[in-house]
Amino acid sequence: MDYFTASIAIVAGLCFAFGILYLFIGVRRTLQRTLNILFALFSLAYAGAILTARASFMADSVSEYVSAARISTFFAAVGFSLLVWFVAAYTRIQPRMVLGLITAAFAVIGLAAIFTPDLVVNVSDGVGTVTFPWGETVLMAQEQDAVLLPLLMVALLASMVFIVIADIQQFRRGDRREALFLSVGIGWFIFTIVEESLVELDVIDFVFLSDFGFLGFVIAMGLQMVNGAIDTERELIAYRSSLEEMVEERTDQLRAAQAQLVSHAEEQATEVERSRLARELHDVITQLLFSINLIAGSLPKLWQRDPAMAERSAFELQRLTRGALAEMRTLLRELRPHTLADTDLALLITHLSHGLAARQDIPATIDAAMDGGLPPEVHLTIYRIAQEAMSNITKHANASTLDVALAGTDSRVTLRVKDDGYGFDPADVPSGSMGLEMMRERAQDIGARLTVSSEQDVGTTVEVLWEDLAVDGDR
Amino acid sequence: MNREAVPIRILVVDDHKVVRNGLRTFIAVHDDLELIGEAGNGEEAVEQCAALQPTVVLMDMKMPVIDGPEAIKLILAQNPEISIIALTSFDDEVLARRALESGATGYLFKDVDEDDLIAAIRLASQGSGVIAPEAMQALVRRPSNEDSSYRVELTDRELETLGHVASGLTNPQIAERLMVSVSTVNFHVHNVLDKLGAKTRTEAVVIAAREGLIDV
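Sequence order for the protein chains is A and B. Under the working numbering, the residue at position 352 of the first sequence is numbered 352, and the numbers go up by one with no gaps. Offset between the second sequence (1-based) and the working numbering: plus 1000.
Among the hints, a few may not be true.
[To be verified] If you anchor each label on the Cβ, the simulated ranges turn out as follows:
hint: 1; chain 1: B; residue 1: Glu1034; chain 2: A; residue 2: His264; range: 27 to 35 angstroms
hint: 2; chain 1: B; residue 1: Asp1116; chain 2: A; residue 2: Asp342; range: 38 to 46 angstroms
hint: 3; chain 1: A; residue 1: Arg322; chain 2: B; residue 2: Lys1062; range: 21 to 29 angstroms
hint: 4; chain 1: B; residue 1: Asp1111; chain 2: A; residue 2: Gln304; range: 24 to 32 angstroms
hint: 5; chain 1: A; residue 1: Asp367; chain 2: B; residue 2: Lys1199; range: 22 to 30 angstroms
hint: 6; chain 1: B; residue 1: Pro1064; chain 2: A; residue 2: Glu271; range: 20 to 28 angstroms
Everything labelled a hint here was simulated from the structure, so no lab data went into it. The structure presented is a predicted model; accordingly, all values stated were derived computationally and were not measured. Backbone N, C-alpha and C fix where the C-beta goes; we use that ideal spot for every residue, glycine too.
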């Protein structure tokens, strides 16, 4: 039975499988790619070395033996230099000089084995046989005496020394488990190499174990690399869960901050609205009351001096107080906007007009009457347009009379706000004139028609017409 | 209150027509006051002052075109002898400080009653100022960003004079109280303004109050 050659064929197959497996891992996995690929190439090279060695053992002729042995030596040289680089990557101990020299030595040996007839593999002493205890016989060169053999020995020795030193340093550094796996693998490997030399020298009578030693190394390292991957995975899982916790925590914080921001913004909005109303109060009511106070205080004296003027002032007082009341109502409605919708539009427009008249101290003609209620959005829009038109009069017109007319049913309404102030040239309205634009947009929103006619030094008239088209169509 | 034969020439400046109308009626019933003009904003006020040379200007602070403090500066640059009373509805520290730093003689709110208003106008016509208590509180409470710890050393006589200035007395009245000549009082007041770095009597009172030299 050819137990030996059969079993090393299996070993080669296993190495080949490991090589393919780790090549795949190395290509797919970004983590430790160099390490995995080095390991894969090293395993493949060794699988090649074992298969060709097996061919040489079973060669039928000397020439067949020689060609197989030369290829086997080449693979072994490549494998060994890859092994050294693998250990360097694995232990992260990389003396470039040492690695370079060892690689160069193996390169010389590998190339010499392929390209020269006898520098490495020398069969000048003939080829003999070795018979294993169970009767299996393999071919083997006698007394090898090749020129480069010492170099091979030195390179092998240097590799072993480097590997052992790197292993010890790795252990010392604290990567104990990694170092122990390496020492088990490499220890067994060295032991089998020594054993093989002893068999070759006929000191002991046993099979060559180096190929099995190599398999042991591959298995040990393969296992350890899987271990590393598993550890990494565990770390990743732990990291992810801590990350999730962190994200959750941050999200909570963010949510709290957001809530705070929202409430802050609300407070701020309230504050802004309050100061707007305060300003309006100052701007409008205070002025009116100040004037009312002055006129009322002057009235007794005025009566003695100039009864006619006193009478006029008394009427003015009435206009001012009515205006103050109207302004107050308008402001209160701004405080409680829902009351806007519930109040008769004619009354709203009347208050606005009285307020404006008092503010500007001008007489106003007000003719406002509604016969029926408008849809809420129309009601509100007409009010806002009137407000805007009157605000424009306050700001720009310097009018001396005001004429306001409102008439409507539940499906039709017209509003006219007319002053006799400065007016303007409609063709020459600055584009930043927000007031006019706003009125137009508002009118458009409810499908109303807005007409603004103005002439310089004559005055401005703003007219709005809204009709419920659906009702019109039915009629 | 000794009334002068020549009425106090007043310019009213306010962008609210209704306020100008009220002041017009108010001035009309007082014989010692004469309304010589009205302005609707700061720019008009500067023009009117140059053209009409009023004795006292009653001026709103928040106005379009040029606001009150700015207008005060421009008016005083041309006519330093005009007294300007800021008349505002806003209880605004910054505005008050700007007005007084611009050289306003007085600072009143629009809730002032008739008697106080007429008294302030009469004092202003003699160069003395009146500051509404609320405005004064605000000014004293927060010093302006200048060096707040400058040491001022006033003589006892100067302090005494300053106290009378703060209570709104005119120089002749102070001279009477202190039993010295008017020119001596003028000298003391001049020194006080100098030491406090104030442009007007009113500003001097504000600074003194802020520095704790006098009580308000």
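Going through the hints against the structure:
1. Separation of Glu1034(B) from His264(A) is about 55 angstroms and departs from the stated range, judged on CB atoms against 27 to 35 angstroms.
2. The beta-carbon spacing between Asp1116(B) and Asp342(A), approximately 43 angstroms, falls within the hinted interval of 38 to 46 angstroms.
3. Between Arg322(A) and Lys1062(B) the CB atoms are about 25 angstroms apart, so this pair conforms to the stated range of 21 to 29 angstroms.
4. Distance hint check: the CB atoms of Asp1111(B) and Gln304(A) are about 27 angstroms apart, consistent with the given range 24 to 32 angstroms.
5. Distance hint for Asp367(A) and Lys1199(B): a CB-CB separation of about 55 angstroms, inconsistent with the stated range 22 to 30 angstroms.
6. Pro1064(B) and Glu271(A) have their C-beta atoms about 26 angstroms apart, which keeps the hinted 20 to 28 angstroms range intact.
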